[in-house]
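**Student:** One-letter residues, chain by chain:
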Amino acid sequence: NAGVTQTPKFRVLKTGQSMTLLCAQDMNHEYMYWYRQDPGMGLRLIHYSVGEGTTAKGEVPDGYNVSRLKKQNFLLGLESAAPSQTSVYFCASSSYSPLHFGNGTRLTVT
Amino acid sequence: KQEVTQIPAALSVPEGENLVLNCSFTDSAIYNLQWFRQDPGKGLTSLLLIQSSQREQTSGRLNASLDKSSGRSTLYIAASQPGDSATYLCAVVQGTDKLIFGTGTRLQVFP
Chain B
164 NAGVTQTPKF RVLKTGQSMT LLCAQDMNHE YMYWYRQDPG MGLRLIHYSV GEGTTAKGEV
224 PDGYNVSRLK KQNFLLGLES AAPSQTSVYF CASSSYSPLH FGNGTRLTVT
Chain S
58 KQEVTQIPAA LSVPEGENLV LNCSFTDSAI YNLQWFRQDP GKGLTSLLLI QSSQREQTSG
118 RLNASLDKSS GRSTLYIAAS QPGDSATYLC AVVQGTDKLI FGTGTRLQVF P
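These protein sequences, in sequence, are chains B and S.
Per my numbering, the first sequence starts with residue 164, numbered consecutively.
Per my numbering, the second sequence starts with residue 58, numbered consecutively.
So that you can see chain B by itself, here it is in the shape it has in the complex (with noise of 0.2 Å):
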């Protein structure tokens, strides 16, 4: 089983371009969240998806949006970014707890 599969590992950005990292999970999961890690700071929840065709905000949302057009899919798109979106990027699913997560996108903004 490939589990959750993030596409692409690294990526480097000038301020203002825009990208989407995709997320893949093939366990059938409702539930799909993106969160970034910053050194200090743990993960936070960017925005979530408790099924297709929803998503919702988390705890740091602004520069960020989503779409879960397809139950196994969840794309997060930056539509203009900036240095503060410099991060490494998490995907999950799960069905309920425990979350299973990706290897990550490591994105640099300069």
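These aren't lab readings, by the way, just hints derived from the structure by calculation.
Note that the structure is predicted; figures quoted are calculated from it, not measured.
Honestly, I wouldn't trust all of these hints.
[Unchecked claim] DSSO-like cross-link-like pairs, simulated, lysine-lysine; straight-line CA separation at most 30 Å:
{"hint": "1", "chain 1": "S", "residue 1": "K155", "chain 2": "S", "residue 2": "K58"}
{"hint": "2", "chain 1": "S", "residue 1": "K99", "chain 2": "S", "residue 2": "K58"}
{"hint": "3", "chain 1": "B", "residue 1": "K234", "chain 2": "B", "residue 2": "K220"}
{"hint": "4", "chain 1": "S", "residue 1": "K125", "chain 2": "B", "residue 2": "K220"}
{"hint": "5", "chain 1": "S", "residue 1": "K58", "chain 2": "S", "residue 2": "K125"}
{"hint": "6", "chain 1": "B", "residue 1": "K172", "chain 2": "S", "residue 2": "K99"}
{"hint": "7", "chain 1": "B", "residue 1": "K172", "chain 2": "B", "residue 2": "K233"}
{"hint": "8", "chain 1": "S", "residue 1": "K155", "chain 2": "B", "residue 2": "K220"}
{"hint": "9", "chain 1": "S", "residue 1": "K58", "chain 2": "B", "residue 2": "K220"}
{"hint": "10", "chain 1": "B", "residue 1": "K220", "chain 2": "S", "residue 2": "K99"}
{"hint": "11", "chain 1": "B", "residue 1": "K234", "chain 2": "B", "residue 2": "K172"}
{"hint": "12", "chain 1": "B", "residue 1": "K233", "chain 2": "S", "residue 2": "K155"}
{"hint": "13", "chain 1": "S", "residue 1": "K99", "chain 2": "B", "residue 2": "K234"}
{"hint": "14", "chain 1": "S", "residue 1": "K99", "chain 2": "B", "residue 2": "K177"}
{"hint": "15", "chain 1": "S", "residue 1": "K155", "chain 2": "B", "residue 2": "K234"}
{"hint": "16", "chain 1": "B", "residue 1": "K177", "chain 2": "B", "residue 2": "K220"}
{"hint": "17", "chain 1": "S", "residue 1": "K155", "chain 2": "S", "residue 2": "K125"}
{"hint": "18", "chain 1": "B", "residue 1": "K220", "chain 2": "B", "residue 2": "K172"}
{"hint": "19", "chain 1": "B", "residue 1": "K172", "chain 2": "S", "residue 2": "K155"}
{"hint": "20", "chain 1": "S", "residue 1": "K155", "chain 2": "S", "residue 2": "K99"}
{"hint": "21", "chain 1": "S", "residue 1": "K125", "chain 2": "B", "residue 2": "K233"}
{"hint": "22", "chain 1": "B", "residue 1": "K233", "chain 2": "B", "residue 2": "K220"}
[As the list claims (entries may be wrong)] Beyond 10 Å from chain B on every Cβ pair, some chain S residues (computed):
{"hint": "23", "residue": "P65"}
{"hint": "24", "residue": "S69"}
{"hint": "25", "residue": "P71"}
{"hint": "26", "residue": "T102"}
{"hint": "27", "residue": "T115"}
{"hint": "28", "residue": "D124"}
{"hint": "29", "residue": "V166"}
{"hint": "30", "residue": "F167"}
No residue lacks a Cβ here, since even glycine has one placed at the ideal position from N, Cα and C.
Please arrange chain S on chain B, whose structure you already have, making use of the hints.
**Tutor:** Frame of chain B; chain S shown alone:
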């Protein structure tokens, strides 16, 4: 607002030692508490999940306890090994299965 704190932030021990990692949370209204392991450059792997009605969970050399009333959980690792070296994170679940994470304890076990 729920806050989750982990102490110590880093720990270095010789192989074979028994050790305890601490996690505290400010709001006792939780559904469950989870402990995760994170290896460098990797995602998080779930180790143990304790439901709010439970006091402890065990898996191999790992034992996690939960005291909701005092807002504390501990992760006990018996007979530590170099392969246990990683960052350990605790997280509490509130609301719609949203996890609130602590900042982690970075553990190094040296031979």
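**Student:** Now, for every hint given, state plainly whether the structure supports it.
**Tutor:** Structure-based check of all given hints:
1. S:K155 to S:K58: The given pair, whose Cα atoms are some 13 Å apart, holds under the 30 Å limit.
2. S:K99 to S:K58: 29 Å, holds
3. B:K234 to B:K220: 18 Å, holds
4. S:K125 to B:K220: 27 Å, holds
5. S:K58 to S:K125: 16 Å, holds
6. B:K172 to S:K99: It holds: about 11 Å lies between the C-alpha atoms, which stays within 30 Å.
7. B:K172 to B:K233: 22 Å, holds
8. S:K155 to B:K220: With Cα atoms ~11 Å apart, K155 of chain S and K220 of chain B stay inside 30 Å; holds.
9. S:K58 to B:K220: 16 Å, holds
10. B:K220 to S:K99: The hint holds at about 25 Å.
11. B:K234 to B:K172: Holds, at about 22 Å.
12. B:K233 to S:K155: Within the cut-off at roughly 21 Å; holds.
13. S:K99 to B:K234: Holds, because 24 Å separates the two Cα atoms, which is no more than 30 Å.
14. S:K99 to B:K177: Roughly 25 Å between the alpha carbons, so the hint for K99 of chain S and K177 of chain B holds.
15. S:K155 to B:K234: 18 Å, holds
16. B:K177 to B:K220: 25 Å, holds
17. S:K155 to S:K125: Holds - the C-alpha atoms of K125 of chain S and K155 of chain S are around 18 Å apart, at most 30 Å.
18. B:K220 to B:K172: With Cα atoms ~24 Å apart, K220 of chain B and K172 of chain B stay inside 30 Å; holds.
19. B:K172 to S:K155: Given pair K172 of chain B, K155 of chain S holds - Cα atoms ~24 Å apart, limit 30 Å.
20. S:K155 to S:K99: 21 Å, holds
21. S:K125 to B:K233: 37 Å, violated
22. B:K233 to B:K220: 18 Å, holds
23. P65: 14 Å, holds
24. S69: 19 Å, holds
25. P71: 27 Å, holds
26. T102: 7 Å, violated
27. T115: 16 Å, holds
28. D124: Holds, because the least Cβ-Cβ distance between D124 of chain S and chain B comes to about 19 Å, which exceeds 10 Å.
29. V166: Given that every Cβ of chain B is farther than 10 Å from that of V166 of chain S, nearest at about 22 Å, it holds.
30. F167: 23 Å, holds
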